[in-house]
Amino acid sequence: MNNTTKYLIGVIVVVVLAWSAFTIYQQQRVEEPVATGPVKIGWIGPLSGAAASYGESIKRGVEMAAKEVNAGTVELIYEDTKCEGADAVNAVTKLISVDHVSAIIGEVCSGATLAAAPIANQDETVLISPASTSPKLSEAGRYIFRTVPSDTLQGSYGAELVYNKGFRKLAVLYSNEEYGIGFNDVLSAKFKELGGEVVASETFGRDDTDVRTQVTKVRDANPDAVYLIVNNPETAVAALKQIKELGVKVSLFGSEGLKSPDVTAAGNVSEGLIVSSVSSGTSGFIDRHRAENNGADPGPFAAQGYDAMRAVNLAILGGARTGKEIADALHKLSFEGASGHISFDEHGDVAGGYDVLVVKNGAFVPAK
Amino acid sequence: MDVAQIIANGLIAGSIYALVAAGFSLIYNTNRFMHFAHGSIVTVGAYALWCGFTKFNLPLFLAAIFAVAVATLAGLATYRVVYRPLVRRGASSSILLIAGLALLFFFENSIILSFGSNVKSINYFVTEKGVNLLGAAVTPLQISIVLLSVLFLILFWVLMRYSKIGITIRAVADHSELARISGINTERVQELSFILGSALAGIAAVFIVLEQNATPFMATKLVIKGFSGAVIGGITSLPGAILGSYFVGLMENFGAWFLPSGYKDAIVFGLLIIFLVIRPIGILGVTKGVRE
Amino acid sequence: MPYLNHLLVLIAVDIVLAAGLNLSFGFTGLLNLGHIAFFGIGAYTSALLTLAGVPFPIAFLASGCLAALFAPLLILITKKTKGDYLALATLGFGLVLHSIFLNWLSLTRGPLGIPGIPRPAVFGFVITSRFDFLAFSIVMAALVLFFLHRLTTSRYGILLGAVRDDERGVAMLGKNVLRLKMESLALAAFLAGIAGSIGAHYISYIDPSGYDISEVIFIVSVVVVGGLASLRGTVSAVVLLVLLPELLRFVSLPSSVLGPARQLLYAVILLLVLMYRPRGLFGTVTLE
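Protein chains in written order, with my numbering: chain A, 1 to 368; chain B, 1 to 292; chain C, 1 to 288.
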């Protein structure tokens, strides 16, 4: 290596280090007079990577709630995590120690929320997830909240839904991740407890688009209903298509991950699909979402995102500033949110209700 | 068990892998590095098809040609803008591999920025229950995909075997030093293999969009399956790479039948290791010109 | 400054991990794309042992040793392969192990991950605060670098370099090439294993996504960008590649394009670094 390149590398390293020192110094300086400025709220979730569409949908809900308070009262700072644990940890640490946020809304994927939870607890900052449904989050610590009910509730709800429609032989197709496994465990156990039989239980990778052999196994088990648990629209669309092509003519049920415009846009394959979903929002919320987002219906977890931000707003308007104050304020809250009645129990969980939707003529309509 | 159905599932998957693997192996043979961004070329083709069909309202046939053309240009661009300058500066094959991975990120995120991250379907064919073919339910589209990919692969093989271009490419693949001495412009040939390989990726893209859909994230998975197929079959041999891809498609589906389906991907990598241990050059591979 | 503290811990862990890879890949010429599997083995071993009540120092050493035990296995199964094929075989090894982490539910809890990994306690002193952890990880990284520097400049290190450059020549000198490779890879695996242990106890939660192909890409990028057989290069590349995506958080991007734009910038900067220094920042050797 000659001297010129050595010199150039040296310059680059110095510039990068100086730049980082400067940015960090600036952040440090700006945060001092924060007491009078807006309250900073962090947001973490996937804005790139395969779960990005969920992140975007939640972000729209959060923004709607942020607009309700006087301009300049709160400031949202977004960090992308790709739904990955390591990124979520980095983002949470950055939001807490550099931006000095008062609370953080997010993470979407349960695994990433669980990875970020210890940091939030250690630094006494509220982390309030609008979408992570893992039962384990209930025990994640006193600073961890969520506006979406735990899978222990939805799994049982789904099992009863299928059973009460008169089906006794259920096949489950679920994604091999925190969400799919947790949901399937509860669903299968409850369905058996009710007296039904789980005839097949097949799994696939989160982003697989070829699940033909799994569907073939399901077909061979002769179920009278299939429950599809997946949190990725791409996989959901592919699975629905392949179920139809392989001639599995049974009633289809899906978890809320299937409540995505991509699923209805995929044509005739989703017709008749019954989706049990955490609430997609009151009619008032849906109308407002349409009005503020060029007519678009709220995506998955948009209502829960709205409620998370609304809860934070209420805590802050009540005067809470530190993590401890906000956590205490959240526990005392009780309000009618976009997804139903919101009040947090001692685990930071909400009771939450579920909608049952059915796809008719390419649109989700409430099932009777 | 549904042997016929599993075979059908394996062949459908294998056809797509084979189109990816053939291009991958062609580029590897003349350039001697792993072009990991090859999967991204498929994504670019898929979005070109979607744009052509839904935005410019082209008939499907023209949209498909447009997609292949765009994929070819994208492949050529990766060579001209990234790989060739790197090679000229003496980059080793591991640097080129990293560059390919950086390109993979680059394409994935450019596509999210321009088209959003949601799933794009063109819904050209109405999804119906497949027809019964020897006990397997397959749709007419799937039958045509398998037949057409075999046709394209045969055409490609004939081109490589008998045409002047093909012979030149193979000369460079077998012994690039000797080819250069006998007056072949090896850089030109390397560029040509990027063009041909990317065109095949474009054809794969058309089939994938028709059969499944397009998303910005499809590239990584495809390139991993494609290169596993190519290596198992023998990356230095074109028929080997194709055969290997069908083998991968069949084995992963049979494996998913017998094992818990979570191991579907592990089966492919397990096979890859077994082959690398027992027969590193693959089923039909030749040692000629392999970098030691 | 907890954020900077956090990033420095990550840098220290990645230095231990990447320096190990550079020992096998750069100094000995084993193009190992399965290095991350050792990292995962270490993380799971340490997490499961400490949760079962084993004291941290023992779990820490066990994580390195267990990872090192897999090295001879990998060398034996890839004995006949070289160059690109070796890279593919080791990549396959990494992907298979990732599948095992993902599917062996009774041991690893699969995608559910393992939460609540205890903070390390060394002889009654529990490392709790971020700063203590930083001190611990930097001491570990410094020890590893010092040791590797001594090793690679020793006669033994020169012998390893000779294995990389001329395997047949080394064999003709009567040295056992296979054994040298095994020792080098086992040491690399040991370092990856202890890096996994430190990382797992720091974050206190692990799941298989931390040991998948994107992590392989990251760590191989570090070694290649830094330059083969250059510890100085590895350290600079870790600093660069860990800080770069984090610094990009400070670029004011509109929130609608934030995620992909940050990734895009990362890819472009990585490409520019490669264009500028095709052999890596401090690379001197080329593998052919």
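These are computed hints drawn from the structure, not numbers from a lab.
Careful, some of the hints might be misleading.
[Unchecked claim] Derived pair list, reagent style DMTMM-like, types lysine to aspartate or glutamate, alpha-carbon separation capped at 25 Å: (1) B:K221 - A:E56; (2) A:K249 - B:E128; (3) A:K190 - A:E68; (4) A:K67 - A:D328; (5) C:K82 - B:E128; (6) B:K221 - C:D165; (7) B:K55 - A:D297; (8) B:K221 - A:D207; (9) B:K221 - C:D212; (10) A:K249 - B:D2; (11) B:K55 - A:E56; (12) C:K82 - B:D174; (13) A:K249 - A:E292; (14) C:K80 - B:D2; (15) B:K129 - A:D328; (16) A:K169 - B:D2; (17) B:K129 - A:D207.
Since this is a predicted model, take the numbers as computed values, not measurements.
Taking the hints in turn, this is what the structure says about them:
1. With a C-alpha separation of about 24 Å, the suggested pairing of K221 of chain B with E56 of chain A holds against the 25 Å cut-off.
2. Taking the CA atoms of K249 of chain A and E128 of chain B, the gap is near 11 Å; set against the 25 Å cutoff, the hint holds.
3. As the CA atoms of K190 of chain A and E68 of chain A are separated by approximately 41 Å, the hinted pair breaks the 25 Å bound.
4. Between K67 of chain A and D328 of chain A, the direct Cα distance comes to roughly 24 Å. Compliance with the 25 Å bound is thereby established for this hinted pair.
5. About 49 Å separates the Cα atoms of K82 of chain C and E128 of chain B, which puts this hinted pair outside 25 Å; it is violated.
6. For the proposed pair K221 of chain B and D165 of chain C, the alpha carbon gap of about 34 Å is over 25 Å, so the pair is violated.
7. Between K55 of chain B and D297 of chain A the CA atoms are separated by roughly 23 Å; this keeps the pair inside 25 Å, and the hint holds.
8. Of the supplied pair hints, the one linking K221 of chain B and D207 of chain A holds, its CA atoms being roughly 9 Å apart against a limit of 25 Å.
9. Between K221 of chain B and D212 of chain C the alpha-carbon distance is near 13 Å, which keeps this suggested pair within the 25 Å criterion.
10. For the suggested pair K249 of chain A and D2 of chain B, the alpha carbons sit about 17 Å apart, so the restraint of at most 25 Å is met.
11. Proximity of K55 of chain B to E56 of chain A is assessed by CA-CA distance (about 23 Å); at most 25 Å being required, the pair is judged to hold.
12. A C-alpha spacing of about 18 Å is found between K82 of chain C and D174 of chain B, which places the hinted pair at or below 25 Å, so the restraint holds.
13. Using a Cα cut-off of 25 Å, the hinted pair K249 of chain A and E292 of chain A is violated, with the two alpha carbons roughly 40 Å apart.
14. Simply put, K80 of chain C and D2 of chain B have alpha-carbon atoms about 38 Å apart, too far for the 25 Å limit, and the pair is violated.
15. The hinted pair formed by K129 of chain B and D328 of chain A fails the criterion: a straight-line CA distance of about 56 Å is larger than 25 Å.
16. At most 25 Å may separate the alpha-carbon atoms for a hinted pair to count; K169 of chain A and D2 of chain B meet this at roughly 20 Å.
17. Note on K129 of chain B and D207 of chain A: the hinted pairing holds, with a Cα-Cα distance of about 24 Å set against a maximum of 25 Å.
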